[in-house]
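My request is simple: use the sequences and hints to build the entire structure.
Protein chains in written order, with this note's numbering: chain A, 1 to 329; chain B, 1001 to 1324.
If you are wondering where the hints come from, they were derived from the structure by calculation, not from laboratory data. It should be emphasised that the depicted structure is a prediction, and the values quoted were computed from it without experimental measurement. From the three backbone atoms N, C-alpha and C, an ideal C-beta is built for every residue, glycine too. Be aware that a few hints might be false.
[Said to hold, decoys possible] Stretch by stretch, here's where chain B covers chain A in the computed footprint (C-beta under 8 Å, at least three residues):
1. 189-198
2. 218-228
3. 252-258
[Stated by the list, open to error] Distance ranges between label pairs, derived from CB positions:
4. B/Arg1079 - A/Leu103: 38 to 48 Å
5. B/Glu1265 - A/Ala146: 26 to 36 Å
6. B/Ala1302 - A/Thr128: 35 to 45 Å
7. B/Arg1271 - A/Asp174: 24 to 34 Å
8. A/Glu131 - B/Pro1110: 47 to 57 Å
9. B/Ile1307 - A/Val281: 56 to 66 Å
10. B/Asp1103 - A/Gly24: 28 to 38 Å
11. A/Thr128 - B/Gly1066: 48 to 58 Å
12. B/Thr1188 - A/Ala306: 49 to 59 Å
13. A/Arg205 - B/Asn1109: 50 to 60 Å
14. A/Arg294 - B/Gly1066: 46 to 56 Å
15. B/Leu1124 - A/Arg308: 53 to 63 Å
16. A/Asp174 - B/Glu1265: 26 to 36 Å
[Unchecked claim] Heads up, incomplete: computed chain B residues facing chain A, CB under 8 Å, no partners named:
17. Leu1160
18. Ser1161
19. Gly1163
20. Gln1195
21. Gln1197
22. Gly1210
23. Ser1224
24. Glu1225
25. Leu1273
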Amino acid sequence: MTALLEVTDLSRTYEVRRGSWPFGKVATLHAVDGVSFELQAGRTLGLVGESGCGKTTTAKLVLGLVPVTGGQVRIAGENLPAAGTQPWRTLRRRMQMVYQDPLGALDRRLSVGRQVMEPLAIHGLGGTEAERREKALAMMDAVGLAAHHFDRFPHELSGGQRQRIVLARALILDPQLLVCDEPISALDVSIQAQVVNLLLALQQRLGLAYLFISHDLRMVRQVSHEVAVMYLGRIVEQGDPDRLFSAPAHPYTQALVSAIPTHARQKKRRMVLPGEPPNPVDRPAGCAFHPRCRHAVARCRIEAPALRVLADGRRAACHLAEQIAASAA
Amino acid sequence: MNEQVLSSVLVSLHGLTVDFDTGKRIVRALHGIDLEVRRGEALGLVGESGCGKSITWLAALGLLGGRARVGGEARLDGRNLIGAPVHELEQVRGRRIAMIFQDPSSSLNPVHRIGRQLCEALQLHRGLRGRAADAEAERLLDRVGIADARRRLGDYPHELSGGMNQRVMIAMALAGQPDLLVADEPTTALDATIQAQILELLGEIRRESGMALVLISHDLGVVSENTDRVCVMYAGRIVEDAPIDTVFDAPAHPYTKGLLAALPELEGPRRALVPIAGVVPEPSNLPPGCSFAPRCDRRIAACETAIPPGIPLAADHRVACIRA
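Structural data, given as structure tokens:
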């Protein structure tokens, strides 16, 4: 079966000037560096990692919002057309994006109902004005907004309700893929659960595929069928969320899991990672993680580990993956 | 830790209220907070945005500005800070009670070097100047885990990362050798692995100096690992006050239970999340009875008429719910 979304060796670089203009050398920043994954219809791929690791750039590359430097994005077996062209516009109907800050994503001067109807007008779909209105109301109902919200404005609603508007607006075009970039991070805890449950219910009903980006590993495990962990623009571990989080094979995944404060771990010893992620312009030689890794051996400083398939089916980019997974289990 | 030291009360809040004058009308944001912080204790304050966890401490230190009217008492070693003259408050702020905030880069002055800002705090609180201040600033930076402290003193905040800036803020807070550090969401803006570093640092400093810590957070997990006791706040009131293990193992208030049910686990079988229905009420439009009643699945008629008092369930466990 052809995957809905197939990403091969995706990369995006930026030229940055080190030091002030016109002095300083131009260096290359690898924001995303050889990322590959597949996403089947109706499934969720979780993308986790710390700020600056390339999660959001990957999302934008997938939708064509940022041009790729190298590699391929294929949607249902077809290459992603160049952004701005007619075929791309047609395709974008099937792939929508949800951002972290709903208030920033919405137009404050347009009523809620108008914003939900707008995509239909843009794509020339949905028949007459009255029919579009009907569709918008049905979609608002599906995401848990009442009909009386139609004429309200974004600032009059709560954060959770605003994120529902964003969802309704994305879903009214009947997409197959929803790219969610930190969709619940700006919401309060009790509201996060409401939105996550809504996302899961919508997936069940509409067969949506999600590319779910978040720094919250617990939420990612809750929604994902597969998880990819990114560090400095590369995927370092990828596989089944339960296995990945209970017995990480990459030391970085191990550190991320260990960093989550939970009551259950209160008595366990936390592993605190030294230092901070390096500047992506100064990618360390060998394995990019080795300066912060407590397992690092001489080989890690010289040879960058490839992302390889382990015996249990997951993929990890670490020379010592087998040992580390075994010690964690 | 020494029992005797633990038992003496450092700060006590009694019926602390805050009213904001919006110009049109007066809105009560804090409805009578009763709270004690003992010497050397680590207390967590948990709740969602707008529940009043931050303004509780801003009010106690007189930092809310002219729009706010503060009532009730906030006693530090028995002396009431509410309505105290400014020169008296200045003896307390930073010196007895220090505060750090969520976004370190906006708390630091962007146009002054780190060293100068640290020395300013040292001069203000400890009267140190010149070489002595420089040496102490270097020691503090070193203490909060900043490598190459001497050179870093000459850096500007924008030259440091978010985690580093939060370390600088902690160093500044330590400059006054306070008895109590109020950390308001100190790690919310930081990445997971950096959050772990900062929380570990705070714990280390507390164990070393015997300073009390109030950790304000929306994340029950953060609070659970770093405090002994937690107060759960909802709509301007404390709804549950209990030792940390009790909150997780036997929560009594339906809101606390709801928060725990809404959080996914990282291990074990995946279960469906149980969200709390509805939204937090507006401070200007609170229901007449228990503020949580409209969202509560255990409410009875009495919940909607009277505000529940704090009911002691055990010596160290208090809950504001008549159904608990």
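(request) Of all the hints given earlier, name the ones this structure violates by number, lowest first. (result) Structure breaks hints 6, 12, 17 and 22.
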